[in-house]
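Undergrad: Chain by chain, the residues:
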Amino acid sequence: MAEIVLDKVTKRYPDGALAVQEVNLEIADGEFIILVGPSGCGKSTTLNMIAGLEDITDGELRIGGQRVNEKAPKDRDIAMVFQSYALYPHMTVKENMAFPLRLAKVDNATVEKKVKEAAEILDLTQHLDRKPSNLSGGQRQRVAMGRAIVRNPKAFLMDEPLSNLDAKLRVQMRTSVSRLQKQLGTTTVYVTHDQTEAMTLGDRVVVMRGGVVQQIGAPQFLYDQPANLFVAGFIGSPSMNFVPATLENGALRSVIGDVTLTDRVRQLVEAADAPREVIMGIRPEHFEDAALVDAAALSSGGKFTHQVDVLESMGSDKYAYFNLTGEQAASAELQELAKDAGSDDVPGDGIPLVTRLSSASGAVEGASADIWFDADKVQLFDPSNGRNLTYTER
Amino acid sequence: MSQTTTEDTTTTGASPAPVAPRKKVLSEGKKAERRLGWLLCAPAALTMIAVTGWPILYSLLLSMQRFDLKFPDRTEWIWFDNYVTVLSSPYWWNAVWVTVLLTVVTVAVELVLGMSLALIMHRALVGRGIVRTTTLIPYGIVTVVAAFSWRFAWTPGTGYLAEALGGDPVLTEKIPSLMVVGLAEIWKTTPFMALLLMAGLALVPDDLLKAAAMDGASGWQRFIKITVPIMKPAILVALLFRTLDAFRIFDNLFVLTAGSQGTSSVSMLTYNNLIKGLNLGIGSTMSVLIFIMVAIIAFVFIKLFGTAAPGSDDGGKR
Amino acid sequence: MAGIGGAETTGKKWGWGLLNAVVVVYALVPVLWIVSLSFKSSKTLADGNFIPREWSLENYQNIFSTSEFTRALINSIGIAIIATAIAVVFGTMAAYAIARLDFPGKNLLVGVSLLIAMFPQVSLVSPLFEIERSLGLFDTWPGLILPYITFALPLAIYTLSAFFREIPWELEKAAKMDGATPGQAFRRVIAPLAAPGVFTTAILVFIFCWNDFLFAISLTSTEQSRTVPVALSFFTGSSQFEDPAGSIAAAAVVITIPIILFVLFFQRRIVAGLTSGAVKG
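Residue numbers (this note's numbering), protein chains in the order written: chain R, -6 to 387; chain A, -11 to 306; chain L, 333 to 613.
Hints were generated in silico from the structure; no laboratory data involved. There may be inaccurate statements among the hints.
Said to hold, decoys possible - Covered by chain L, per the in silico footprint, the following chain R stretches (three or more residues, Cβ under 8 Å): (1) 64 to 72; (2) 91 to 99.
As the list claims (entries may be wrong) - Subject to a maximum C-alpha distance of 25 Å in a straight line, what follows is the list of computed SDA-like cross-link-like pairs (lysine to any residue): (3) Lys19/A with Tyr6/R; (4) Lys344/L with Val192/A; (5) Lys344/L with Ala112/A; (6) Lys345/L with Lys58/A; (7) Lys106/R with Gln132/R; (8) Lys264/A with Gln556/L; (9) Lys124/R with Arg465/L; (10) Lys375/L with Glu400/L; (11) Lys18/A with Ile499/L; (12) Lys311/R with Asp282/R; (13) Lys64/R with Gln132/R; (14) Lys98/R with Asn127/R; (15) Lys124/R with Gln556/L; (16) Lys345/L with Ile290/A; (17) Lys18/A with His83/R; (18) Lys18/A with Gln516/L; (19) Lys344/L with Ile118/A; (20) Lys220/A with Gly443/L; (21) Lys213/A with Ala30/A; (22) Lys19/A with Gly443/L; (23) Lys98/R with Thr85/R; (24) Lys107/R with Arg520/L; (25) Lys18/A with Asp51/R; (26) Lys98/R with Glu400/L; (27) Lys370/R with Pro237/R; (28) Lys87/R with Glu502/L; (29) Lys161/R with Arg349/R; (30) Lys264/A with Gln249/A; (31) Lys213/A with Ile290/A; (32) Lys18/A with Arg5/R; (33) Lys291/A with Leu447/L; (34) Lys124/R with Pro524/L; (35) Lys106/R with Gly343/L; (36) Lys18/A with Thr3/R; (37) Lys18/A with Thr513/L; (38) Lys147/R with Gly58/R; (39) Lys296/R with Arg257/R; (40) Lys58/A with Ile414/L.
Ideal placement from N, C-alpha and C gives every residue a C-beta, glycine not left out.
Generate the whole structure from the sequences, applying the supplied hints.
TA: This is how it looks when you write it as structure tokens:
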């Protein structure tokens, strides 16, 4: 058990490409931390540097207070779970799990005991003598976990350990990974590109983009107070809506209606010295069917009327999709997010909008609907650099 | 794996990270990798070059000399006279036609038979293991052994085939002899063809065939319109390998006819001039000519089929 | 993998059984014939019967009593094993480099070995004949081993690099994370995974060397280094009037035994090796 400190850790490849730039991160003992970001953001490189599988170009990595930059992976006492599980195909489950202990020259009785314990925890006892090729995906994943936990390492590193599982199993394994980590209390660094895993698993989440840390914080904090457009768009599913808007005398004009800023928002915006043209961000749950909102709220919020493009009823609530006329909000961050989501080449004019309405809403697909949104929940971003103009440390 | 290698910062647009331009600077690690690569390849590369490179040049030199080991004093530089001699020899042209005929006929038959065999091995409901095992025997067996089996089978008095066909000595006439040689060659190499084709068959997704069946294609149509086009690369590779191999035919001919009655192939004729006739000049000339013919065949295949040919390259990937 | 909509009816099974039988007969008849000949006594040798009327070991006794055959057998075994060992070692090194390392000249090596695989061997016979005579390699073991290695290398390199590409190299990383030194990672994880490929390649290369006739007959002149396929073709029988067919058949059966054993025990591997090397190369 130990804390892990990344002090201005940088990775530059021989060809000059900068993969990770000056990452500062203090991971507390026993903390579960998530590195998240689109592919190519440097999260796996960061993990590999902590593992010792890749050299650190600059900066310092300390595990348990000790500089480990120069140490080989085997001397760092950390275990890793790979995306492909990397189970040794020529060894049985038992041999796979015992492998790190054998290398450490642990005596037979202890090996037996530890493997047995780990197998019990992971419910693998009846599979110990099978080869990996005869296991299901979920079982293989558990063996990989088992190989990591048998030796009580200082830390676990997990590189997208669940991404090879099917959706249902992934949810199930997600909870067991979480439970296991709490139970063992081992410091864990977990890499994923799936923001749902990031939200549900971690004590803290590190959002990365282009080798640079964008924001570090508890999942709920990142959701409520994204530092910039990129984090705002990346965290949350369905993701935040972005609409170009104009700030004028404390009022916000956009295609989804004009609103007067609430005092809280106005103070923040003024403090941040906001430009006139901004990007307004608003989460789907901050919309509501105007018919279901009381009069006081109705007058203080924004309102628009438009034809419902698609309506999905989830039972507990309804998702109404709109396609508003106008120019989409444009910024480098949003482009990259669209690219990561694979929707950058989906043709579409106008501004897509996702709203979550309560199930009592009478909105009908194809028909016009009156939609209200909460003016106090609006977040404003500077289109030139993506900065969140309404960000507070609170 | 992919993560570590692909995350080389392909940042887009207004990235906050000032990405340094990629320079062609070799790090120590890269240099060490190169050195190790060369070091590991050196023994193989040097052996191959030593045993083929110099001899090829040497045979070019030999082919331009009068060089008969029976008359070593009369060795002299005669430029292309040997080529004139060989190219105006009816024996040479007969050998060329025999070789071409054997190559074309055997490879064509092997393709058809090999495809049937591959389909049997690929689709067999029962006894797939037995079929695969037994078909490997012709592939593995020493060619000379197989050739003797065929020779004795056709020897009047001794052979079951000769007896069954009335006891005529088939191996004493040109056309029947060539047919027997072709048969022996086909028997021996069809399994190899079938294995290569089977690997190609395995690349055809079952779903595609099911989809075609749903679209109303008959079995034959599925084979012609789906299976064959998809496995075309495998077919071409198999054809190329087998064509070049058939062109070198020697063992079977040596045992079955020894090149008598005008059944010599180019390899056989070269061997006879060289080892039996000890005429290095003429032998080398023929070697060079064969080399040129094989190069032309390979060139035509690779030109015609472009990327389908191996080594054209995804040497490193797949 | 059954045909589309192919229920496993009894009729179909019979159909397949019949097809299989045809294939088996096709593949085995010439082999069985030579076996049958080898067991015929000298009296019944020329009776033209497929099955011996009189079984006898006389032919085997004959061949094993002459140095013409025993010496050739030793040559065959020795030369094939040495050539195989060297070709596999060199091939493994080169294939590892091709599959795992990035270095200039890699494609050239792949190209050259492909060229050699297509090369008409007879074109090398004339120059090698002369070169080996001047170097004193003619009619010696190394004189055969060298060309065998050369022509086996492309086969070895293709087959092995195909195998090596299949090894999930992430395992090497995993082993390092599990506390292995690079040496341990190689010995305990990579080597066991690479071994089957190396072994398969060794079988294929051995078959190739064992099979060769052209080099063996051109580059040898005496019993000293003649291999069995060549010795076979020189069998004349102990007297002028004796048909050598029996001896030839017996010797042929002896050198077919290792092939049959390989095929029986390593069928799957040989198929994998042949197809991976040739198709994916």
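Undergrad: Now, for every hint given, state plainly whether the structure supports it.
TA: The hints, checked one at a time:
1. 64 to 72: holds (count 5)
2. 91 to 99: Satisfied; 4 residues make the cut.
3. Lys19/A with Tyr6/R: 14 Å, holds
4. Lys344/L with Val192/A: 23 Å, holds
5. Lys344/L with Ala112/A: 10 Å, holds
6. Lys345/L with Lys58/A: 65 Å, violated
7. Lys106/R with Gln132/R: 20 Å, holds
8. Lys264/A with Gln556/L: 19 Å, holds
9. Lys124/R with Arg465/L: 56 Å, violated
10. Lys375/L with Glu400/L: 23 Å, holds
11. Lys18/A with Ile499/L: Given pair Lys18/A, Ile499/L holds - Cα atoms ~22 Å apart, limit 25 Å.
12. Lys311/R with Asp282/R: Holds: Lys311/R and Asp282/R sit about 10 Å apart, inside 25 Å.
13. Lys64/R with Gln132/R: Not satisfied, since the Cα-Cα distance of roughly 32 Å exceeds 25 Å.
14. Lys98/R with Asn127/R: Not satisfied, since the Cα-Cα distance of roughly 28 Å exceeds 25 Å.
15. Lys124/R with Gln556/L: 51 Å, violated
16. Lys345/L with Ile290/A: Violated, at roughly 42 Å.
17. Lys18/A with His83/R: Violated, because 31 Å separates the two Cα atoms, which is more than 25 Å.
18. Lys18/A with Gln516/L: Satisfied, since the Cα-Cα distance of roughly 23 Å is no more than 25 Å.
19. Lys344/L with Ile118/A: Judged against 25 Å, a Cα distance of about 17 Å means the pair holds.
20. Lys220/A with Gly443/L: 22 Å, holds
21. Lys213/A with Ala30/A: Given pair Lys213/A, Ala30/A is violated - Cα atoms ~46 Å apart, limit 25 Å.
22. Lys19/A with Gly443/L: 23 Å, holds
23. Lys98/R with Thr85/R: The hint holds at about 19 Å.
24. Lys107/R with Arg520/L: Answer holds: Lys107/R to Arg520/L is near 21 Å, not above 25 Å.
25. Lys18/A with Asp51/R: 19 Å, holds
26. Lys98/R with Glu400/L: With Cα atoms ~57 Å apart, Lys98/R and Glu400/L exceed 25 Å; violated.
27. Lys370/R with Pro237/R: Given that 25 Å is the threshold and the Cα spacing comes to 16 Å, the pair holds.
28. Lys87/R with Glu502/L: Holds, because 20 Å separates the two Cα atoms, which is no more than 25 Å.
29. Lys161/R with Arg349/R: 24 Å, holds
30. Lys264/A with Gln249/A: 17 Å, holds
31. Lys213/A with Ile290/A: With Cα atoms ~24 Å apart, Lys213/A and Ile290/A stay inside 25 Å; holds.
32. Lys18/A with Arg5/R: 14 Å, holds
33. Lys291/A with Leu447/L: 15 Å, holds
34. Lys124/R with Pro524/L: 14 Å, holds
35. Lys106/R with Gly343/L: 56 Å, violated
36. Lys18/A with Thr3/R: 19 Å, holds
37. Lys18/A with Thr513/L: OK: Lys18/A and Thr513/L at ~21 Å, within 25 Å.
38. Lys147/R with Gly58/R: With a Cα-Cα distance of about 12 Å, the restraint between Lys147/R and Gly58/R holds, given a limit of 25 Å.
39. Lys296/R with Arg257/R: 20 Å, holds
40. Lys58/A with Ile414/L: 35 Å, violated
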